[in-house]
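Asks: The residues making up each chain are set out below.
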Amino acid sequence: MRILVLALRRIAWMPPTLLGLIAIVFTISRIIPADPARVIAGENASPAQVEALRQKFGLDLPLMQQFMRYLRDIVNGDLGISLYSQRPVVEDLLGRLAATFELAIAAMCLAIMIGVPLGVVSALHRNRWLDQVIRLATMAGLAMAAFWLAILLQLFFSMTLGVTPVQGRIDGWGPDQITGFYTIDALINGDGETFGKALRYLILPTATLAIPAAATIVRFTRAGVLNALSSNFVFYQTAMGLPRRTIIWKYILRSAFIGTLTQIGLVFGNLLAGAVVIETVFSWPGLGLFAYNSILQSDYNAIMAFTLFTGSVFIVVNLLIDIAQTLLDPRTR
Amino acid sequence: MVAEKLLSVEGLSVHYITEGGTARVLDHVGFSIRHGEIMGLVGESGCGKTSLARAILGVLPGNAEVVSGKILFKGSDLLRLAPSEAEESIRGRAISFVPQDPFTSFSPLFSIGEQIRTLMRWKSPDRKPGEKVYGSGRRKRDRERVMAMLQAVQLPDPEGLLKKYPHEVSGGQRQRLMIAMALLPEPRLVIADEPTTALDVTIQAQILKLLKRLITETGASVLFTTHDLGAAWEICDRITVMYAGQEAETAPVQSFFDRPAHPYTKKLLDSLPTENSPLIGIPGRVPSLLNPPAGCRFHPRCTSSTEICHHKQPDVTEMGYEHAVRCHHPIMGGGQ
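Those protein sequence lines, which keep their order, are chains A and B.
Our numbering applies: residue 17 is where the first sequence begins, and numbers increase by one.
Our numbering applies: residue 144 is where the second sequence begins, and numbers increase by one.
The shape of chain A in the complex, shown without the other chains:
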């Protein structure tokens, strides 16, 4: 019950946070030097045509009024028309959502599955060779540029070994759309062949995204485990002769994971941002590629919509993490 109240209180904070996000996106769009009316009108438009467009889009109104209009449109689910596709931006965004989420969630899962155990092992072998190796690998994972790593993986696995496709999301038609996640849809349809195909396309971009994310998780898990190892309750449990395994996997891991969890929210934000680069390199038809193309085409509304959307996702993910943390840590209840 108290959890519910707390969750509601956190959720109540969402509208103001979102309003702040919208204000920032709006401000940026109005202070960048490009004139939206001129961009929309095209290079050969006459000053009169540009002026007409300016009036049509309300760009001649006072800034505050423009902001209120923008806000009203967002509430109505209207993010404007894409200059490139001439379709509502919302439709374009929603059409690409699943591809990016499939990638980001797969990368997140992979990063946690690699990062948490490595972090624990690293801490338990503190300052011995295994710890040094893991820490070195972590450093490398954080330092490598994503696009470079992506190309490296493509060269090795796709070109040299030929075990994975170079780019794209699937060849031929994808599975029937249910969730929009090709791997999951293929499984639901019981289509093993398509599942295998979708998985092979998914592996490299997932790995590229997951490596720096896993590195971050290793670092925070290691720090959390070391912190717990030196705590009084671990000393007490050791002095009372509880089996080492119980102490580590039950008590230490739980306390270390609470710190890691906060990081996971931030890492997820990095994944969405990183998707812009990764999706471009792998021609993955998701939001990142959409954003990249929109920027190249100066597709104003699309860029704003993308920024707004990823910002909102980041806020929601961190809200969920906050709630999960409350569930894990009785002191915050």
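In case anyone wonders, no lab produced these hints; they're calculated from the structure.
None of the values given here were measured: they were computed from a predicted structure.
One thing to keep in mind: the hints can contain errors.
What the hints assert, rightly or not - SDA-like mimics (lysine to any residue), calculated; alpha carbons at most 20 Å apart, straight line:
id : chain 1 : residue 1 : chain 2 : residue 2
1  : B       : K306      : A       : R270
2  : B       : K148      : B       : K409
3  : B       : K409      : B       : H466
4  : B       : K275      : A       : T254
5  : A       : K266      : B       : K306
6  : B       : K306      : A       : L343
7  : A       : K266      : B       : E257
8  : B       : K307      : A       : I47
Start from chain A and add chain B according to the hints.
Replies: Here is chain B on its own, set in the frame of chain A:
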């Protein structure tokens, strides 16, 4: 008739390897605990009493090195025991532990009931050696044990308490829980490391009385470390004073307070505040364990030291019934 020894420490030396050099934390310490007695281990911070407690439990810090000595428990040397054997049958079973700080000795993330259940799973007197499963029969009997023990340590509403998290109960209640958890495995020896230091003065006396009563009922022995002579007087049968990694004097509690033989003990007792006297300290400081003074370790602060104290370590001298002192010039027949 003197009861038999349950634990005896002989010539125990422990060094801590630190960046500043080797600290001689325990230096040829000898002392013993008999069946059913409460042995007080008193001394200032850093005198080695906590290290001695940790050595007996086999949980010295990673930079510690046992240089020499024996810790005989029921006749076998704990220092020669396989680590797995010590974890299985000594720690938390034959020898249990009450920590100094009941606030942080519980994990904050699990309910009290859950933490007691984990303890009983591995340390219940019902558990057969090496048993891994926690069958429902044993679980039920253990639950009854826990309930009876929570009653015994006078905790109100045991059912509700088990569902609570550690931060939801008071410090005094937490220390009662710690005592309950120390006694649940039915140990032969309880090591209580300054169990009242972290508590309010008003709670301290209650906890001490409770500890003494329960121990007397169960027949276990206690090693009670403290820097509070009043607390030691309250519950101990015998007292050992430690100074700079060595035992200075051991005596039954009555002779300890009436006829202290070591100048350090005398000064400690003199420094206890009384109604009409000003506070008296002991001049000088506790010596560095990295570079302890030659001869008697107390001689730089001792008013009765002579030439011999500067270069020769004193041997242990028997002063009469159960009374031993490590001093060249023990105070004879002292009284106050």
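Asks: Please go over all the hints and tell whether each is borne out by the structure.
Replies: Here is how each hint holds up against the structure:
1. For the hint pairing K306 (chain B) with R270 (chain A), the CA-to-CA distance comes to about 19 Å; that is within 20 Å, so the pair holds.
2. Taking the CA atoms of K148 (chain B) and K409 (chain B), the gap is near 27 Å; set against the 20 Å cutoff, the hint is violated.
3. At most 20 Å may separate the alpha-carbon atoms for a hinted pair to count; K409 (chain B) and H466 (chain B) meet this at roughly 14 Å.
4. Between K275 (chain B) and T254 (chain A) the CA atoms are separated by roughly 18 Å; this keeps the pair inside 20 Å, and the hint holds.
5. Among the hinted pairs, K266 (chain A) with K306 (chain B) is consistent with the structure: their alpha-carbon atoms are about 18 Å apart, no more than 20 Å.
6. Between K306 (chain B) and L343 (chain A) the CA atoms are separated by roughly 16 Å; this keeps the pair inside 20 Å, and the hint holds.
7. For a cut-off of 20 Å, the pair hint linking K266 (chain A) to E257 (chain B) stands: about 11 Å separates their Cα positions.
8. The straight-line distance between the Cα atoms of K307 (chain B) and I47 (chain A) is roughly 55 Å, outside the 20 Å bound, and the hint therefore fails.
Checked against the numbered hints above, the structure breaks hints 2 and 8 and satisfies the rest.
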